[in-house]
Structure formats: C-alpha cells, structure tokens
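Q: Chains as they are written, first to last, in the numbering used here: chain R, 2 to 329; chain C, 1099 to 1352; chain G, 3 to 271.
Because the hints were derived from the structure by calculation, they are not lab data. Each hint should be verified, as a subset may be incorrect.
As the list claims (entries may be wrong) - Label-pair distances were calculated between CB atoms; the ranges are: (1) C:1202 to R:16: 35 to 43 Å; (2) R:16 to C:1346: 46 to 54 Å; (3) G:44 to C:1346: 40 to 48 Å.
All C-beta atoms in this analysis are idealised placements derived from N, C-alpha and C, irrespective of residue type, glycine included.
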Amino acid sequence: MIIELKDLKKTFKIYKKEEGLLNSLKSLIKRDVVFVEAVKGINLKIEKGERVGFLGPNGAGKSTTIKMMCGILHPTSGDINILGFNPLKNRKKYVKNIGVIFGQKSQLWFDIPAVDSFYLHREIYGIEEDIFEERLEFLTNLLSVKEIIKRPVRNLSLGERMKCEFIASLLHNPPVLFLDEPTIGVDAISKDEIRNFLHEVNKKFNTTFILTTHDMDDIEEVCNRVVIIDKGTIIYDGSLKKLKSKYVKHTNIKIDYSKVKNKKKFESLLKKADIIVDGKSYKELKLSKDLDINKILKDIMSSVDVVDLSIQEPRLESVIKEIYKEVK
Amino acid sequence: MKTYLRLLSLKISSRLSYKLDFFTTLISSLLWSLASPLFIILLYQSGASYPDWNFNEILLFIGIYTALFGLGRAFFYNFFFNTGADVRTGYLELTLIKPVDELVLLLGKSFDWESLSEVLAGSLIAIYAFIQLSLSPNIFLFLVYIGLALLFYFSMILLISSLIMKYVQVTRLIEIVERFMDIASHPKNVYPRVVQTGFSIFIPLFIISYYPASALIGFELVYPFTIILTTLIFFMLSLYIWRKSIKNYTGAGG
Amino acid sequence: MFKPVLSIIKMGIKEGVAYRPQMLLTLISFPIFFLTQFFLWTSIFGDSPNTSIAGFDLTQMVGYYIVGLLILVFTYSHITTELHNGIREGHFIKFIIKPISYPFFSFWIIIGGRILAFVMEAIPLLFVVGLMLGFDFFLTPNLTLFLISFVFAFFINYLLSLIMGTLIFWFTNPNGITWIYRLLRYFFAGGILPLTFFPEIIQYIILLTPFPLMYFIPAFLFVGNNVILGIEITPLLLLIYGAIQLIIFSLIAYFLWRRGVKTFQGVGA
C-alpha cells in the first residue's frame, strides 16, 4: 500500500462578499464568515500500480483531495501517508517522488522551448544523464513530439502543451502521478494519444495514477478503479467493471421516423421499453441492457421508416444520480 | 458618445469593488504628481534655476504639464495596453465587428479615473503659481493649446498602438512616449536651437506645456499658429496609420 | 548543489533572449533620456559648469542620472510581478510540487537575465556614454566603494521585490501598495534629484531606509563624491551600513515568505 488517507478533512473559511456600496462599507468593519466543508472524512488505500479515477460533480471535493495529496493544500485534520511521507513535512524529499499535472496550470517555462524546461528538470531532480536521455527518448517517441519540444511553449496548442507537461511530470520516473483534469479542453486526437501514453507508462514503469476528471472516456481508457466523491465523502470505491455492471443498466435510443410500416411490431417493441418522450413521429426510449440491442435496432428499422436514430449510453451524471439514489 | 459614457461608468464601479486598492492607487497617483514640483522646489532652493524662468513661472509650467499629463493619462494611456491585450487575446476581432468605431470602444475601456487626481494636483499647483504672478494671459490661445496638447498625446499613443498590433510582445514601446513626455517636461529653451525648431515645427512636442504655459504667462511665442497646423496634421497622420494598421491586422488575422 | 545553479542561470539567459525585442527598446529610450538630462543640466549650469550644485558639477550631475539608470538595468528584478501573476493564475504551484524554492530559483534567474542585459542593453549604452562624456568618465575614483555599494544595491533590490511579491499571499489586488513602494523608492532613492538636494534632516531620515542603497549611493560614489552629511564614506562604514540593511530585510523576507507559503497552502491554488 503506497497511499493511505485516514479520515481526511478540509474546511475552508470564506468571507462573504455582499452587494452594494453600504455593504461594502460595512464589510470594512465586520465580515461574515462562512465555513465550507469541502472534504468531510475520506478514507482511502491505494496499492502500487493502481490507476484510480476520482469522479464526482463540481465542488465535490475531488480537486481538494488531490491537492492535499500533492502537498499543495494542508488538511484541516486527518492523516496522509504517501510512499512513507507526509506531504507537508519534508516537502522537498517528498516531491521528488511524485509527478503532478494540473490541467489549467502549467509547469513549463513559457517563453522557452519545452526541451529546455526538461533539461532544467534533470538538474532539479538530480537525474543521471544516461537515464535521463533514455527516458526522454522513450517519452517523446511515445507521444510523437520530437519536433514540438523544440518550440517555445507559448507557441504550442493546448494539446501539444499538455503532451509536454506529461513528459515533464514523468522524467524523474515518479512512482506516483497525480492528474487533475488533464484532458480538459484538449482536442480529441491528442486526448487519445495521451490516454494511450498513460497506459504504456503504467505498463512499463508500474506508475500509480490518481486522476480526477469529468470525462468518462478518461476513466474508461485509463483507470481500473473508480472512486466517486460527492459532497466531501466517498460514495463509491471499486473497480470500473463493477461500477458499469452494477449501475449502467440502460441504453437510450432516440428515434425520428416518418411512417410506421408495421404497427404491431412497433407497438410490441415499445412495450419492452420505458418511453421517456412520446411524440407523434419521435420517440425516446430507455431500454434495459439485458435486451439484445442489435435485435431491437433491426426491429426498429423494419417497423418504421427511420429519419434519424441515435443511441446513447447514459451519461456519467445520470450514473452518479443512480448511485446517489442507492446511497440515500 | 453614449457608448463612451456608459463604458466610463462601468469602469468606475468595477474599480470601486477593489476598495483598498482604489484608495492606495489614488493616493499614489497624487504623490507621483508631486515629483516634478518637488524637483523644481529643491532645485531652486539650492540656488540653481532654469534659465529665463523664475520660480513661480516654472511652477506654473510644471503645474500645467502635470495636469495635462494627468488628463492625457486618464483618457489615453491605457489605450496602448488595451490594444495590445486585445490583440493577444483575440478580443480585438470582436471589437471590430461591433457597429461602433473601435476607437470609441477602446477609448471607453481605457479611461483611468485615478489619473484625475494628477489633474487636480497639477491644476492646484498651476493656480497657486498663477496667483503669485501678475499675468496678461491669452486665454483663448491657452485653451486651444490645451486641446491640441491632448490631441498630440493621443497621436503619440495611436502611433505606438499601431506598432503594438504588429509587435505584440513589446510592451515597453510605451517608454518612447514617456521619454518624449520627459522632453516636454522642461521648457523648450533648455534645448539647442535645432531641437527647439524640430519639436515646434515638425513634431509638435512642445505643444505639451511649453506653448500653453507661455500663452498663459504671456511670453512671446515663436510660430504660434504653425504649431496648431502641425499638431492637426500630425494627428491626422497618426489616425491614418492606425486605420491602416487595423486593416493590415484584419487582413492577416486568422 | 552547484550544477543546478548553472542551469538556472542558463535558463535566465534563455528567458532573457525571448525578451530580446523588449531589450531593444532601451537602445531607443536611453539616448533620449541621456540627451534630455544632458541638455537640461547644461542649460541649468549655464556658463559655470564647474561650480557645484548640491555637491555636483555638470559632468557629475549628468553622470549621476546615467549611472543611476545603468544601476537600475543591472539590478532589475521581475519577481514582484511574476509572483503576483504566478499566484493569481496558479502557475506558482510548480514551485510547491518541485523540489526547488522560488526565492533561490528566481535569484539565479535574475543573475542570468542581468548577464544577458549587460550584453544587450548595457554595452551599447556604455559606448554612447563614453562617446558623449568621454571614456575617462568610467575611471571612477571610488571603484571599491562603488562595487561594494553595487552589490548591496543588487541584494536589497532583490529582497524588497521579493517582499513586495509576497503581498499577493494576503491581498488579492496588491497593485496600490506596490505602486506606493515604487513611489517611495523613486523619491527616496534619489530618482528625482540626488539626496544632497534635500534638507539635512530629511537626508538623515531617508538614509535610514533601504532605498538610497538601491540608486543614490552607488551613483553618488561613482561620480566621485564620498562625503555625505559631513561624514566620509569609508569601505568599512559602507560595509556595516549595507550589512545592517541586508540582515534586516533578509529576515523580513524570510519570515514573510514562509508565512506566505503557509497561507497559500491553507487555501490551495
């Protein structure tokens, strides 16, 4: 077990800001304080090599938790033990063993080529030359950024920049990598490359990942364990497979049609489903995953003249809502 | 015009929301404007002087300079930085598709309320000095010169703003305007003949403070009307360059 | 321990190179500044360039402003703005999650940047000054004193810009206070006029602040003066004076920085 969080709590003190000139003057003398419990007691154990995804609505406490694990934020109470360190004590020693990626905040120096930041990294982390060159080669090839790293970071697109950030965070081969919304705003192709990259890195170096995201595909492609946080506590902690089989029970199908060809067939089909939207030539259906979706689709095509048809897996939000219902 | 005024009022309410910062900036603006008068006071106390200008005359001069500088700063200084920022963020393109002249929009958000304290400080100094002297001022010419001085300052800002559209990173371009303003912060007789003529006839730099101050004091002016013409021509030139730069910008913008 | 320092300096130089066009501005604004001061003081001194005004003759007076500007170029620190923006925008966290400290890192970056500035900005300026005032202008009679004061100027400026930078830990908008600091520095460091123009009592008070060391004292010494308020400035006296200032502000910077980072970690990025 390389990561252990015991009853981790974080409460923020926020000063209320009131509207209007009178209140602004009042606030010079006395300010209303509001205490926000962002994290209300999190217990977690993570083994080496695990790829853990933190999910949860905005403001749930995911980013707060990860910041505490990185040592950027100190907890109000509770214990954090990562690789035998308390992130807030011995900061310099601790951070040599972690890599961090924050989606919005860059770790590279802006005006100079990324590769120069990498070489500075080598000095800062004290990486031996041969090992460094080998690792740099491996990582840049994996992300195909050999030419990109020679350009000043300020001239790169978001996707290119994120790839460089990934390289920077792994050059010193940290056993643990923290990622906070790493693919936010990145184009689809780069996202794919990054996810594949993380997979390879985990395979080769057995790096442990802790990742927060809103993107279900990030979880699908990269993680093998999901922790769902809501209102400061963990409401689900288990493997991704279990999560899907347990909660993803339905598929949504939207049908736009012009003519009903086989009324009987269509009506019996509709009986098998939950009808969400019942329009004259439009239906939105919720179908149980136990049914054979392919057969259903064939039946639809043969019973009506389809103008438009779309299949949707329930969105992450709705999966989480299902989980909340269970918890309550 | 309405748009301009509305932008102005938006600015002041957003500045007030940073209360402490508003007051400290106001106070520091006021104190900065004391630098030049302090220079004069300390200089004359040590026994030295500007040639041909007595203490109150030069105090009047510097009061006018400070007030003009403050006014120019209030209206135009931020125009340069806002243009640069808008180019960097791509916001300038949004400005260009609005049904209002982009100059009005940029000017509107460039108004700097805190600089008005410099105008106040400069005016007070000028008024004090004016009272100490017994003068036969040419008020009409004075007011014309004040207006032209502001126009000239705006022209300088327009020129460097045109440059920053192309060289977005070079925010230090503003220093050129600042150095020129420093030249104008001393009466023109400090400089050799060549400089005096050049900055009266070709680039009307001395329209800032020397000409208005001299009109107010009643000094005899060399080329009193030529400079009016030169300032107007200079302004139209800078406006033309600005428009051209905008055209180039939108042409190349992607 | 030594190796990172070299890389950081190199980085400072590289970052400076990215700012090349900005540096070129000095080549335009400096000559204008120089000529303005030159004409101004020539006309003020008039027919008697060798008389002394507040302890300066014409060459010394013009030299004072020129040397002062060069000192500003050599001691320039960007860290106040860098900290304000870095913490506001969050990039500062890279210093928390990496095994380096910002004060250490930024110190050597400044050194790197100033080395580049020396080549790109100073050498052309020094050449222009040599041409206008004669190259023997650079043969200062107070070389030792000047060098000691220059080193202090560098460190004090670094410490104060760091202290001003820490304001962002407690104030969301520290611009007003920063402007007041810059104002005090300009007035009290002798930016308007050499401090010898001020009444003696004011001089005493100003000399208690760290500001004169950042501009006035080195420039004053360079142009050949070494007596202030009737006291002769000896190397020993200068060392003691500078050391006291340095110790006081190092302590202030150290405590403010530590408190600041703790506050930052209480709130997160």
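Q: All the hints need checking, so say for each whether the structure fits it.
A: Hints and how they fare:
1. Separated by about 38 Å at the C-beta atoms, residue 1202 of chain C and residue 16 of chain R satisfy the suggested range of 35 to 43 Å.
2. Residue 16 of chain R and residue 1346 of chain C have their C-beta atoms about 48 Å apart, which keeps the hinted 46 to 54 Å range intact.
3. Separated by about 43 Å at the C-beta atoms, residue 44 of chain G and residue 1346 of chain C satisfy the suggested range of 40 to 48 Å.
The structure meets every hint from the earlier list without exception.
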